[in-house]
Amino acid sequence: MYNIVGKNKILLSISAVLVGASILALTLWGLKPGIDFTGGTIMEINYTNERPTATTINEELKGLNLGQIDIRYSGDNGVILRFTETNEQVHQEILQKLGQPEETRYESIGPTIGKELTGKATWAVVLVLAAILLYLVWAFRRLSRVVKKGESWRYGAGAMLALFHDVIVMLGLFAVLGHFRGTEINSTFIVAILTVLGYSVNDTIVIYDRVRENLLVDGWRDFRNTVNRSLNETIVRSLGTTVTVIVAILAVYLFGGESTRDFILAMIAGVATGAWSTIAIACPFLLLKRK
Amino acid sequence: MHKNKLWTNFVLILILTIFALLIDIPRLPSWFPLHGWFTDQKVHLGLDLQGGTQLTYQTNTSDLPADQRAAAVEGARDVIERRVNVFGVSEPLVQTAKSGDEWRIIIELPGIKNVNEAIKMIGETPTLEFKEEAPAKVLTDQEKKEIAQYNINAQKKASDVLAKALKPGADFAALANQYSDDPGTQGQGGDLGWFSRGVMVKEFEDAAFTLKKGQIAKTLTKTEFGYHIIKKTDERTTDDAKEEIRASHILIKTESEAAIAAGGGWAYTGLTGKQLKSATMTFNPQTSEPEISLEFNAEGAKLFADITARNVDKPVAIFLDGYAISIPTVKEAITSGKAVISGKFGVQEAKDLAQRLSAGALPVPIKLISQESIGPSLGQIAVQKSIVAGVIGFLAVVIFMVVFYGLNGLIASLALLIYALINLALYKLIPVTLTLAGIAGFILSIGMAVDANVLIFERIKDERRLGKTGTTVIDDGFRHAWTAIRDSNITTLIACFILYEFGTGLVRGFGLTLGIGVLLSMFSAITVTRVILKLFVYKK
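Respectively, the protein sequence lines represent chains A and B. Here this note's numbering = 1-based position in the first sequence + 18. Here this note's numbering = 1-based position in the second sequence + 32.
Simulated from the structure, these hints should not be mistaken for laboratory data. The reader is advised that the hints may include incorrect statements.
Stated by the list, open to error - Below, simulated DSS-like cross-link-like pairs (lysine-lysine); rule was C-alpha separation at most 27 Å, straight line:
{"id": "1", "chain 1": "B", "residue 1": "K493", "chain 2": "B", "residue 2": "K37"}
{"id": "2", "chain 1": "B", "residue 1": "K500", "chain 2": "B", "residue 2": "K35"}
{"id": "3", "chain 1": "B", "residue 1": "K399", "chain 2": "A", "residue 2": "K138"}
{"id": "4", "chain 1": "B", "residue 1": "K285", "chain 2": "B", "residue 2": "K245"}
{"id": "5", "chain 1": "B", "residue 1": "K188", "chain 2": "B", "residue 2": "K250"}
{"id": "6", "chain 1": "B", "residue 1": "K346", "chain 2": "B", "residue 2": "K363"}
{"id": "7", "chain 1": "A", "residue 1": "K133", "chain 2": "B", "residue 2": "K399"}
{"id": "8", "chain 1": "A", "residue 1": "K115", "chain 2": "A", "residue 2": "K80"}
{"id": "9", "chain 1": "B", "residue 1": "K145", "chain 2": "B", "residue 2": "K199"}
{"id": "10", "chain 1": "B", "residue 1": "K152", "chain 2": "A", "residue 2": "K80"}
{"id": "11", "chain 1": "B", "residue 1": "K346", "chain 2": "B", "residue 2": "K399"}
{"id": "12", "chain 1": "B", "residue 1": "K130", "chain 2": "A", "residue 2": "K133"}
{"id": "13", "chain 1": "B", "residue 1": "K254", "chain 2": "B", "residue 2": "K285"}
{"id": "14", "chain 1": "B", "residue 1": "K130", "chain 2": "A", "residue 2": "K138"}
{"id": "15", "chain 1": "B", "residue 1": "K199", "chain 2": "B", "residue 2": "K254"}
{"id": "16", "chain 1": "A", "residue 1": "K166", "chain 2": "A", "residue 2": "K307"}
{"id": "17", "chain 1": "B", "residue 1": "K189", "chain 2": "B", "residue 2": "K176"}
{"id": "18", "chain 1": "A", "residue 1": "K115", "chain 2": "B", "residue 2": "K399"}
{"id": "19", "chain 1": "B", "residue 1": "K244", "chain 2": "B", "residue 2": "K309"}
{"id": "20", "chain 1": "B", "residue 1": "K163", "chain 2": "B", "residue 2": "K309"}
{"id": "21", "chain 1": "A", "residue 1": "K80", "chain 2": "B", "residue 2": "K399"}
{"id": "22", "chain 1": "B", "residue 1": "K176", "chain 2": "B", "residue 2": "K152"}
{"id": "23", "chain 1": "B", "residue 1": "K199", "chain 2": "B", "residue 2": "K188"}
{"id": "24", "chain 1": "B", "residue 1": "K334", "chain 2": "B", "residue 2": "K196"}
{"id": "25", "chain 1": "B", "residue 1": "K145", "chain 2": "A", "residue 2": "K115"}
{"id": "26", "chain 1": "B", "residue 1": "K152", "chain 2": "A", "residue 2": "K115"}
{"id": "27", "chain 1": "A", "residue 1": "K166", "chain 2": "A", "residue 2": "K27"}
Stated by the list, open to error - Under 8 Å between C-beta atoms, here's a sample of chain A residues computed to sit facing chain B:
{"id": "28", "residue": "E106"}
{"id": "29", "residue": "R123"}
{"id": "30", "residue": "G128"}
{"id": "31", "residue": "I131"}
{"id": "32", "residue": "W141"}
{"id": "33", "residue": "A142"}
{"id": "34", "residue": "T206"}
{"id": "35", "residue": "L212"}
{"id": "36", "residue": "V219"}
{"id": "37", "residue": "T262"}
Owing to the predicted nature of the structure, the values given are computational and were not obtained by experimental measurement. Cβ coordinates follow ideal geometry from the N, Cα and C atoms, glycine included.
Bound conformation, chain B alone:
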């Protein structure tokens, strides 16, 4: 029965090792089952190995009531994270850390090239702005002439495209993709989908509904948007006996004096996040949809009253960080100093937005207190050299063990190899961010694993000297070595725990890798070595 159990353990170890090996291999061939999942497991390298920048910001929360500090810093963190995401860094990390009474924001930007730009972008305080429609623009004669010329050109172009579309065998969809100015249908062959009467502009509809299925209108259709070339692709009658058609179009845009005069953009009103007292997520009592309630301070309330008074029945846009996030139409002047941003928000989205607005409204001034950049080449060299050094170091250990302990040493080396494979797989799975300090922790844990093996072999030698034979030698050897292995490893684990809990950065990484290593080394020395020794060396 003993033998069976050993073989079971051996097979389990083998499976575990193969599994770890599959995770360790950077890229598996595509015919391999689940190769995608295995290949997706990546080693997370710290900035010192990968290259990149770490920025540490100090926040000044002294003006805020104590219970709002954490939320304000979190809000600032969110804003920064959004800014960083816009910047397009892969796997950025934005964290808050409390140190004494002070809140910090730590930003890691792996592989970033333009640190200067990033710092500028992060450093801007978040902005919230209320804007009103800019007054209508008066067009000069010159501008009117240019518009007219533009429209003549457009008509000519549209006629040309129509001629192409009407040629036998012409590919309408391809022409649409090539010429159409309609961003909504571009890349879809100009397809507008199904629609019934009353959905589209009248001129367009009149033209489209007179067509037969598959027919292209012989003439151009002019609407306020420009010239349309229309093709009816399909027709159907809905369940409630409504006629629906499906059509594609090619749009050649024109410009109109009226549209240009009106679309003057948005004008600054002076109402910004500075005058915001608070922002909270609330629910609309009628629709019970989430909204964001804003409350202005006295100055803001007055400004808001003025803005709403002069913009009745007109839109007022709410801009966050330069983007219009909501454009409600004013129904009446609001003098209460309260505003609501509604829109199709999810609860979480609304909550986040309120938090961000609060951050913009309650500015947490941030100051860059530490900047660390490692060039990508330096990091790469460090990784390459570490790998070479690791392999050479491992081989040196193997040679040493074989010279001193012969066959036992070889088995210990095998156990060590299994240990290293599983360890690396764990780094990928957990995941552990590997830094130089982490590698130091790993090397030390190899030392501990070697130590455990050596302890066991020395003990086994002792037992044989006492005249014992067979598997008793191994069992007694292990039993005697165990107390020393246990005590030394437990002290190390305690140390790792403290380093992980109380340490920062490097020290924390060291504690983590050493801790994982020690736990695994106990498994490798006690289980792996023992099973192999019993199965293949001391068979009796």
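Okay, chain A solo, but in the shape it has when bound:
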């Protein structure tokens, strides 16, 4: 049996560094909101012949009042344009001015939708968190009765802490990606966060479940040892599942489409931190201020 609990300090410091770096990245660079949140237009076009340079495109589209036009190349003949929200008439004019290239994607979203999306997503996440917390407190209610009053709240809080850790690290990762690779966060990013919430809680619950079981058998004699034993008993399955899921998602990352890359990356990061935070955050929290 490994003394995992004994390495608490090391585990916690690693997490602290991760969270610290994430917060630093977030304050330094912030997240790059996509048009889903801010409103605007994103347009992906493919040229059959040689594609024009960014300067040419900028020159062509001058006078259409598109605001700052962000031009990026994609693949061999593709160009991705980003500019302000616009109407269908202007859209057609743009296509004409660019010589009617093949259009693979066109999204123009008004700012109200963005505001609404942000609002709704925030609400959904808050509700999910509250519901998970309440369910955990209820599911572990026996501990409150048998072991100590209010004990089950600790489990709810521990799972929440682990969640926050995972989400902050993921936000940090996207701040870094946004800064260096221009990765934007859009509504699929919210889905990725939700996925991570689901996985992280799942993983934490399995270990807490084992702690609960052992605690009801062992009693309160050596809680530290009980937690350590529970960790040892579940760590193999935790790693097993995590590796399996990551292997599956990795296949999607490597062989799936370009458009889902960032989303899958967020999921891989989330699943990894989800497993990590259970060991480094959720379990040590059970021992906080206890012998």
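Dock chain B against the given chain A, drawing on the hints supplied.
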């Protein structure tokens, strides 16, 4: 007894799997029973996978009383749906959504090419127009000459066709299909069906009734419509001793000065949906047939009074979106500002029409606030890549499970395969619209299914370490793993429920597929794995 129950379960699982597999296979061979039904089950792909356009319109209902807003938006939705249907998109989706105080209309057009055109068409506000007959046209000498020439040509053509029809062995029906100008009988060999005296035009009847059964008239018959070549095909006497004949004809149309002068079309009157105050479905007190009652505002009432006054005994046409939906004849001038559209409406039809007219009358201005188009090629690539990635991912999971858990891992993989098959079948049956986010939900649910299996195997190992044997190992292993599986899955299900209820678009799809996946994964891990383990591995 235990064994029997296991075998029953095993057979049930097998049947379920085969059923799911049949649904999953895109196309079954035609000799297969019920292959049509199975083949009809299709995966519904979201626009991000299929390619297509989603348009979101904001409606401005601020001018309307609060209790009429929902109905007005629904009316606008119906009008738009009709416009979209005219546009010929397969499986379009037009929905209304309320967001705060604001009503939106969301339109999904899968696989559409000409988005620009569609936007133009949808954006037009629905129109209702009242039109009167255009005044008679005065023909010029040149026009008269052209008509005469046209009719001479027609007669020549008719004579030629008659000569062909009278040749022995000629196929009258084929000739009718080839030459007849009568749209009503075209493609039916010119067959007019059964009729008695007094039904057809006099000249036609006189000619037809003198013929013998199977005989073709030797000469052309001229009526106001043109030249007819008539063949009497059958005769009979009805129960009330009336003589009826059946005939076919070939019509070569002519033109008449009078008809051209009169048929000048419909003229704009200035009375449109703008002057409409309301439209409701009512029942005619005499016939109790459904009708649509219109009420005009002051301006409309005055216009309507003028129009009806100058069109007594003449028709006035009611046009909706450019189509004449009703052409009543005016009996007397109507000054009350009320009109009734009657016709052979069904109740639902009349209700819908009233709603649409209300929408046209109470214009809900709409504004395009979001447009998302995904090219069909991009969507196709996404689907192909997702399938490849899915298969590779699945194989990777199988290899991993077999390496770590040996035979158990293989069984878990089998359970997982069954899980995936049933899951896909459910997507087709429910149906679930599959988007990228939905696929993410599905992948995560596979993770949960794997997790449940791994939990169980770890527990079974523990039990064996304690020295237990036989099926007790499995039962205890399952029992101990159950609380963890239950708690983690219930939290996930709660999350799915919230995402589905409160989320929009992507988030909603994610919640749905994950929820279905979690429910099914519990079934696959608990039932499928357990039955197979008990039957084939731990037999004692």
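Hint numbers contradicted by this structure: 9, 11, 19, 22 and 24
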